[in-house]
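Novice: Let's have the full structure, built from the sequences with the hints guiding it.
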Amino acid sequence: MRVRKATIAGVGVDPNVLAPPARAVDTGAAIPQAIAYEVTFSLADLRADFFRAYTEWLADMREYPDPDDELEAQLRALRWPSLGVLAEVDAETFAVVLLAMGKELLTDLEHGRDPFVPVRWTLTSVDEVELHGRRIVLRGTALAVLPRATDSIN
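Under our numbering, the first residue of the sequence shown carries the number 100, and numbering increases by one thereafter.
These are calculated hints, taken from the structure and not from any lab test. Incorrect hints may have been included.
Stated by the list, open to error - Computed Cβ-Cβ distance ranges for the label pairs, DEER-style:
(1) G183 x A108: 28 to 38 Å
(2) R161 x L245: 41 to 51 Å
(3) P214 x P164: 21 to 31 Å
Glycine included, every Cβ here is placed at the ideal spot set by N, Cα and C.
Specialist: Take a look at the structure:
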């Protein structure tokens with residue numbers, strides 16, 4: 100996803116300093132102190148891989164139904180809608196789906212667009228999803244990333 104606005108501990112940051120959890124290994128060691136983050140984006144900012152993950156998730160639910168899963172029951176009642184349709188017809192269920200697919204959302208995080216901006220935080224969880232019209236706000240925890248020794252060499 101392309102992040103439009105990002106904050107770490109309530110302070111605005113360049114979205115390029117954020118990375119998905121898998122990137123922490125590539126960028127340096129993570130400092131084990133959880134810091135609150137918030138990112139803002141829209142449905143159009145999600146990449147094709149996330150839409151594919153959602154479609155595969157629906158297919159899995161249809162193939163292996165769980166009669167006790169309330170979210171699955173809601174999606175079934177809506178006739179397994181695409182993500183865009185779901186956002187339009189049932190915003191509350193859409194927000195719950197994004198929360199349930201938090202790992203996939205973080206994996207979809209676009210990073211490395213600006214090679215001159217080092218990664219400073221890796222997002223580790225999605226704890227809350229809030230919708231404001233077409234704007235989606237994710238909140239969760241992030242870990243600070245220590246720069247590699249080679250990052251400080253000019």
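Novice: Regarding R161 and L245, is the given constraint of 41 to 51 Å on their beta-carbon distance met?
Specialist: holds (44 Å)
Novice: Between P214 and P164, does the C-beta distance stay in 21 to 31 Å?
Specialist: violated (46 Å)
Novice: For G183 and A108, compare the CB-CB distance with the range 28 to 38 Å and indicate the outcome.
Specialist: holds (33 Å)
Figure legend: structure checked against the earlier numbered hints; the only hint not met is number 3.
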